[in-house]
Structure formats: C-alpha cells, structure tokens
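**Q** Input sequences plus hints: build the corresponding full structure.
Numbering (my numbering), first residue to last: 9 to 451.
This list has only true hints and no planted wrong ones.
Between beta-carbon pairs, the in silico distance windows are:
(1) P402 x D302: 22 to 28 Å
(2) P400 x A119: 48 to 54 Å
(3) H312 x A119: 42 to 48 Å
(4) E398 x D302: 20 to 26 Å
(5) C283 x E383: 34 to 40 Å
No lab work stands behind these hints: they were computed from the structure.
Think of the CB as a built atom: it goes at the ideal place given N, C-alpha and C, for glycine as much as any other residue.
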Amino acid sequence: MIRALAIDLRRSAAVGAGLIVLLLGLAAMYLLFGPDAWSSRWSPLATTLRTALAFTWPLTLAAGAWLTDRDRRGRVGELFTSTARPAWQRAASPALALSLTVTVAYLLTVAACLPLVAGSATYFNPAAIAVIATGLPLLLAAGLLGMGLGAVVPSRFTAPTLAMAGLILSSAPGLLSAYYVAGRIQQSVALLSPVLGQSGDFLIVPARLSLAQSIWALALATTGFLLLSATHVRARTAAALPAVFGAVTALLLLASAGPANSMDAVDAGARELVCADGTPRVCVRRVHAAVLPDTVAPARDALHRLSRLPNPPTAVEEGIRDISGNPDEQDTPSGQTVTFYLDSGRATDIDAEQVTLQLLTGAGVISCGDTSNWETYGAARLVAAYWLLETPPPDTKQKAVEAWQRLTSLPAAEQLARIAALRDAGLACNADAQWDILMDGPR
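**A** Laid out in structure tokens, this is it:
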C-alpha cells in the first residue's frame, strides 16, 4: 500500500490538486477576505475559513473526478479491472493520495492564519476549533465523492460539471438560510452546506451544528469511496445508503436543537464587558479587549466634552449592532451611558478621533427612531458632535456646515439649550424633531 501510495503521489494529479487547494485557501483568507476580517478573533477566523470552502470544496470535488478519470484517459481501465486485486484495494491508493494532499493543504492554510490570531486574541471559545476542524472532513468528503462520481460517470466533462455544481451547492444553501427565503426543510438542508457565512464577533456556530456536519461529511465520504470501489450496479445503488443515513441523522440532530435557521448562536462570553481602571468608566466587549487601552483616552475626552450639558452621561460602553431588525435585540439610548460601536472588520485597529466623533454624534445618543428626512436628521446629529468639539464640520458636509454656522451665531446660552434639547429628543427617539430643534430652538 505504501509503495502504491508513493506512486500515486508522484504520478497522479493529487499533489497538484492539494497545491491548488492551498493556494486558493490562502488567496481567499489573505486577499479576498483580508486579515482584517478575522485577525485577533477566533470565531471570525473559523467562519472565514469555512467561507473559503466556497472555492476549495468545488475544486476538491472536481479534482476527485479528474483523478479517477486518468484510467479512461490512459485507456488502461479494462486492464486494471482485470487484475486479481479487489476493487477496494485499487481504489484505496488514489483515494488516500488525494485525501493526504488535501489534508496537508487545509492544515497549512489554518497554520498560515494562526499567527494573526493565537497571539493577540483576547477571547477564546472552544466551539471555534470545532468549526475549523469540521472543514477538513467536509473537504475530504468532496474529494472522495468526486472520485466516486467520476468512476460512475467516466467522462472528460464530469470534472468541470462537478466543479460548477459544487460552486452552486456550496454557496446557495447558505444564502437561503441566511436570508430566510426557504421553508423549514430547505433551511435544515442549508445547514449541511460546507460553507458558513461570516457571522461576526459576537456569534458562534453551535457545537451541535459542527457535530451534524461532521456526521454528514463522514457519510458522504463513505458513499464516495463505495462508489469508487463498486463494480456492479447493485453495489453502486447500495453505496448511496450511507449518505442517506448520514443526512437523516444530521437533520434529526439539528431538528432537536430548535429553529431550523439557527446557523449562529449568541456567544455570551464574547459579549461580556471588560472595563478600564479608574473613572469615568470605559468598557468594551471581551472579544475586543485588546483595543481597550486605545479606547480610554478618546472615550474620556468625549465624556469631558459632554459634561457641558445638563445631566451628562458618566460612562462609555461598546454596543452590539443587531441587523436582524428585531426591536428586542436593538440597543436603546441611555442618559447615563454613551454607546459606541467597533467595525468588526477593523476592530483591532481603532481611530481615536473617529471614536470621539462617534461618541459625540447626536450629543452622546445613539441613533434610534424613524424620520421622514434622513439627510437633515444625520446633519443635526453631526452638528451636535462638532459643536462639542468646538470645530466646524468638514466642507464635504455642506448641510451640517450651514447648520453649524447658524447655531454658533447664536448666544452661548441659546446654543447650549438647543444642543441639550436635541439630546433629550434623541433619548426619546424623536428623530424628526432634532433638525427643527437645532434650527428653530426647543418648543
């Protein structure tokens, strides 16, 4: 077996396939998504590695079919099948060769990313390792399934057809689940996709989903190898049974977990607040604790500027953006605490001036409520920030510049009254009133 494996590694396309998988994986992680999307955070690293399977999974599927088709291309298929060796032994060597090279490629991709996470991450959830680990059996399943289908349909068109089908199958189910456009059964099937969407810093893929996907991957791999070693129609038909059994088992496991669209779970540990020493209180989420030292100075500067207002806030906390549209999940304005947000794509490299500006926008109140004119609403909130900064808005914000000039032409007491009233309107989520207050004064 070792000699046959060495021959396959030397003469087949297995090494080339592994090299392409490695290059595609690295290109996706470092060029397409970029290190900002996952560095210093375990959960984004895991989901981004799995998102990269959108490219490497179809390639591995096609590589398996191409590797199997070599006997047909060399016109030696009948010669090999006439030997006394059992079919599974003939299939084992090329299958092992492809599995070995794909395994090395995936592990090298992970290893190339680890230095940007392991030394700087401030929070670790073991479930992230399960997400990363599950990617390997899914890749191996693609290779073996491709080899099996290539043996069943020996044609020069099998590999490119599988590549296109793999692109569709690996991407479409995740989109269906993420955008809630499918029924319960379709969403359950979508959870078995090798590709996971990038879920952000405060969510984690549940361990139950990783287990279900591992079962599904092992079942697919078994079906692929049985197809590869089958010599009769009956054996090929029976080869589908592991895939069916694995799919049913995985779906039952997921169904017992709750909603079918639960691709992500709330990571409570990542959301915990970590606060700096001293006062005023400045806190960020644990997953972003590395930026806390750089956040303290601009945050306390913002609180100092806000202290000019009546009943000023006394603390700063990082909030959590929710894009689901569920009102229960949205941050609400607080009179005592100023909330700011870190862009998950740049959470490891903050801009102190932008943090201060964000904290002062709306006079220290996050955006809430609805308005008939978002342009004037945004301008009013921006004017409040630059009034507190005692500097005019940039010339590119023409409406804000005009409003700032009008505001600063008023007596100091009137300016303060209008900014304080704008803050009160923001705390009440009265978005429409803020521009009128700024321009005409409180009523």
